[in-house]
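Visitor: These are the residues of each chain, in order.
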Amino acid sequence: MTILSVRDMKTDIGQYAVLHGVTFDVPEGGVFVLLGRNGAGKTTTLRSIMGLWQPSPGSVHFQGQDISGRPTADIARLGIAYVPENMGIFGGLTVAENLILATAKGKFDQTRLRRIYDLFPALEQFWNKQAWSLSGGQKQMLAVARAIIEPRALILIDEPTKGLAPSIVAAMGEAFREIAQSTTILLVEQNFNFARSLGRDMAVIDDGRVVHCGTMADFAADTELQGQLLGLSV
Amino acid sequence: MDKLSDTLGRFGGVNLLPLALAAVAFVLIGAPSSWVTLTIAGLSMGMMVFLMASGLSLVFGLMDVLNFGHSAFISFGAFVAASVLAALGGWLDGGPMLAAAALALALIAAIAFGLAAGLFFETVIIRPVYRDHLRQILITMGALIVSEQIILAVWGGTPITVPRPPFLEGAWIIGDVSIEIYRLFAFGLGAAVFVGLMVLLNRTRIGLLIRAGVENREMVEALGFKIDRLFIGVFMLGSALAALGGAMWAGYETLITPALGGEMMIVVFIVVIIGGLGSIEGTLLGAIIVGLTANYVGYLAPKLALASNMILMMTILMWRPSGLRPAVK
Numbered sequence: 001m002t003i004l005s006v007r008d009m010k011t012d013i014g015q016y017a018v019l020h021g022v023t024f025d026v027p028e029g030g031v032f033v034l035l036g037r038n039g040a041g042k043t044t045t046l047r048s049i050m051g052l053w054q055p056s057p058g059s060v061h062f063q064g065q066d067i068s069g070r071p072t073a074d075i076a077r078l079g080i081a082y083v084p085e086n087m088g089i090f091g092g093l094t095v096a097e098n099l100i101l102a103t104a105k106g107k108f109d110q111t112r113l114r115r116i117y118d119l120f121p122a123l124e125q126f127w128n129k130q131a132w133s134l135s136g137g138q139k140q141m142l143a144v145a146r147a148i149i150e151p152r153a154l155i156l157i158d159e160p161t162k163g164l165a166p167s168i169v170a171a172m173g174e175a176f177r178e179i180a181q182s183t184t185i186l187l188v189e190q191n192f193n194f195a196r197s198l199g200r201d202m203a204v205i206d207d208g209r210v211v212h213c214g215t216m217a218d219f220a221a222d223t224e225l226q227g228q229l230l231g232l233s234v
Numbered sequence: 001m002d003k004l005s006d007t008l009g010r011f012g013g014v015n016l017l018p019l020a021l022a023a024v025a026f027v028l029i030g031a032p033s034s035w036v037t038l039t040i041a042g043l044s045m046g047m048m049v050f051l052m053a054s055g056l057s058l059v060f061g062l063m064d065v066l067n068f069g070h071s072a073f074i075s076f077g078a079f080v081a082a083s084v085l086a087a088l089g090g091w092l093d094g095g096p097m098l099a100a101a102a103l104a105l106a107l108i109a110a111i112a113f114g115l116a117a118g119l120f121f122e123t124v125i126i127r128p129v130y131r132d133h134l135r136q137i138l139i140t141m142g143a144l145i146v147s148e149q150i151i152l153a154v155w156g157g158t159p160i161t162v163p164r165p166p167f168l169e170g171a172w173i174i175g176d177v178s179i180e181i182y183r184l185f186a187f188g189l190g191a192a193v194f195v196g197l198m199v200l201l202n203r204t205r206i207g208l209l210i211r212a213g214v215e216n217r218e219m220v221e222a223l224g225f226k227i228d229r230l231f232i233g234v235f236m237l238g239s240a241l242a243a244l245g246g247a248m249w250a251g252y253e254t255l256i257t258p259a260l261g262g263e264m265m266i267v268v269f270i271v272v273i274i275g276g277l278g279s280i281e282g283t284l285l286g287a288i289i290v291g292l293t294a295n296y297v298g299y300l301a302p303k304l305a306l307a308s309n310m311i312l313m314m315t316i317l318m319w320r321p322s323g324l325r326p327a328v329k
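So the sequences go chain by chain: A and E. Residues in the first sequence are numbered from 1 upward in steps of one, following our numbering. Residues in the second sequence are numbered from 1 upward in steps of one, following our numbering.
Rather than coming from a laboratory, the hints here were simulated on the basis of the structure. Note that the structure is a prediction, hence the values are computed from the model and not measured. It cannot be assumed that every hint is accurate.
[Unchecked claim] Below, computed lysine to aspartate or glutamate pairings styled on DMTMM-like, alpha-carbon distance capped at 25 Å: (1) Lys162(A) / Asp206(A); (2) Lys105(A) / Asp228(E); (3) Lys226(E) / Glu97(A); (4) Lys129(A) / Glu218(E); (5) Lys226(E) / Asp12(A); (6) Lys105(A) / Glu218(E); (7) Lys129(A) / Glu85(A); (8) Lys107(A) / Asp228(E); (9) Lys129(A) / Asp109(A).
[Said to hold, decoys possible] Coverage of chain E stretches by chain A, computed from C-beta distances (three or more under 8 Å per stretch; other residues unrestricted): (10) 203–215; (11) 223–235.
Note that CB positions come from ideal geometry on N, CA and C, so glycine has one too.
Using the sequences provided together with the hints, build the complete structure.
Guide: In structure tokens, the structure reads:
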């Protein structure tokens with residue numbers, strides 16, 4: 001079953017056309033990976049789905065509902081969480097305040113909170129610290145934790161491993177595997193090995209268009225295609 | 001400069017600046033009674049400027065809006081309060097209870113006018129020019145001119161006397177020190193508003209949203225909150241505080257003209273800039289420093305009084321380009 005369907009999405013930023021007609025379907029459950037070179041339009045695709053940039057024309061359907069042109073807040077309330085490339089944490093707020101802000105009613109579900117502590121023990125340790133004082137990896141953990149503090153059907157995550165130490169990347173991978181058992185993740189990632197270890201389905205964007213869709217297993221096995229679409233030589 | 005910042009940080013940081021300023025002034029002034037009088041005058045002036053500036057700082061920080069029309073709320077607050085006090089002139093002489101009621105009604109009227117004017121200003125004038133600083137400056141300057149003309153048309157150009165309740169007249173004499181009662185009242189009201197704002201910002205969900213919105217509006221929306229509603233609320237709060245500050249300033253000056261808001265606006269901008277955009281603590285700190293500086297320099301070197309706050313702003317900005325306590329961005 002498809003949870004997110006993007007059809008012919010075109011997005012202009014100022015006078016520049018960035019997306020020229022992006023089309024792909026995200027099946028429910030697991031991790032769907034969006035790959036592509038720098039500047040291909042991956043981040044713009046996520047931001048357009050969230051309504052942070054308004055695509056036109058084209059359509060975005062989430063759980064069968066047309067969400068094109070709707071305000072970002074409404075899209076978020078339908079059950080889509082967003083973890084931006086810069087993590088988007090509120091540095092002047094404590095870890096606890098960052099998380100409580102992401103709850104629907106201003107109260108923690110203790111079961112979900114315990115799950116977050118299990119996934120990211122550092123957050124419990126630094127619970128009352130201001131977020132700006134956390135390390136890069138801890139900030140990324142907080143950003144992901146904020147996305148799962150409430151039940152969400154879909155989480156959009158933009159380059160979560162960028163600039164992180166290998167040990168943190170491995171921990172993040174474990175966390176994503178666990179999260180993907182109950183939630184669909186649409187992951188934008190440049191680290192192909194990381195993406196390959198998590199992804200079930202995938203698409204490649206190049207120059208604002210989807211140029212390939214398929215399973216990650218097939219793509220990982222086709223080194224020639226990887227070289228052609230991503231410039232990889234693995 | 002870094003060493004100075006580290007040393008200051010160990011002993012309380014920039015919060016110690018008013019104390020340092022007061023200590024230097026104590027040495028230069030020499031006479032303790034004059035120093036106490038000037039310090040209390042500076043603190044009460046700082047608190048009134050804080051009332052006027054706090055809203056502008058939040059609007060700047062949260063909405064990224066350059067509102068040059070903010071001074072219109074200060075002027076309207078002053079004139080509305082003066083009109084209510086004049087209309088209730090009989091109450092002022094009818095005993096402390098009636099006089100207090102007249103004062104409370106005057107302040108409430110100023111706040112109510114500020115809320116309504118803020119709602120109108122945000123929805124009609126500001127909203128079409130979000131994210132466009134040049135148009136914001138032009139349109140808010142235009143709105144300021146129109147507002148001043150409305151004040152001229154309604155209240156005329158002649159200075160208006162603002163009656164004070166008798167219980168706020170006079171001064172307490174303690175030894176050689178004279179403490180004006182109105183200044184103590186202004187200080188107390190400003191401190192109460194500061195505490196209220198801190199409780200709102202740090203102990204409520206709305207406050208959490210405002211603090212988060214000052215840092216990253218987009219992410220607040222991505223968490224499912226409609227930032228537009230928050231903008232209206234903050235703008236109305238800022239306008240109401242400015243009107244309250246204007247009303248208090250009117251009682252302080254006791255003679256007001258339509259130029260009152262414009263004259264105060266320079267000081268208000270200085271406070272917001274040296275305090276750090278979007279920070280209530282920074283605004284309070286900036287307002288107290290500005291209030292103390294204006295009074296001390298006015299006593300020690302009257303010819304430098306006008307320039308003193310500009311010199312203060314330049315000095316602080318050279319040391320801390322983002323202000324003393326900016327909100328985290």
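Visitor: All hints, please: hold or fail.
Guide: A quick look at each hint next to the structure:
1. For the proposed pair lysine 162(A) and aspartate 206(A), the alpha carbon gap of about 20 Å is at most 25 Å, so the pair holds.
2. For the given pair, lysine 105(A) sits about 20 Å from aspartate 228(E) by alpha-carbon distance, which is consistent with the 25 Å threshold.
3. Restraint check for lysine 226(E) and glutamate 97(A): satisfied, since their Cα atoms lie roughly 18 Å apart, inside the 25 Å limit.
4. For the given pair, lysine 129(A) sits about 23 Å from glutamate 218(E) by alpha-carbon distance, which is consistent with the 25 Å threshold.
5. Between lysine 226(E) and aspartate 12(A) the CA atoms are separated by roughly 24 Å; this keeps the pair inside 25 Å, and the hint holds.
6. For the proposed pair lysine 105(A) and glutamate 218(E), the alpha carbon gap of about 20 Å is at most 25 Å, so the pair holds.
7. About 22 Å separates the Cα atoms of lysine 129(A) and glutamate 85(A), which keeps this hinted pair within 25 Å; it holds.
8. With a CA separation close to 24 Å, the supplied pair lysine 107(A) and aspartate 228(E) stays within the 25 Å bound.
9. For the given pair, lysine 129(A) sits about 21 Å from aspartate 109(A) by alpha-carbon distance, which is consistent with the 25 Å threshold.
10. With a cut-off of 8 Å between beta carbons, the stretch 203–215 of chain E has 7 residues touching chain A; three or more are needed, and the interface restraint holds.
11. Only when three residues or more bring their CB closer than 8 Å to a CB of chain A does the claim for the stretch 223–235 of chain E stand; here the count is 5, and the claim holds.
In terms of the numbered hints stated before, the structure departs from none.
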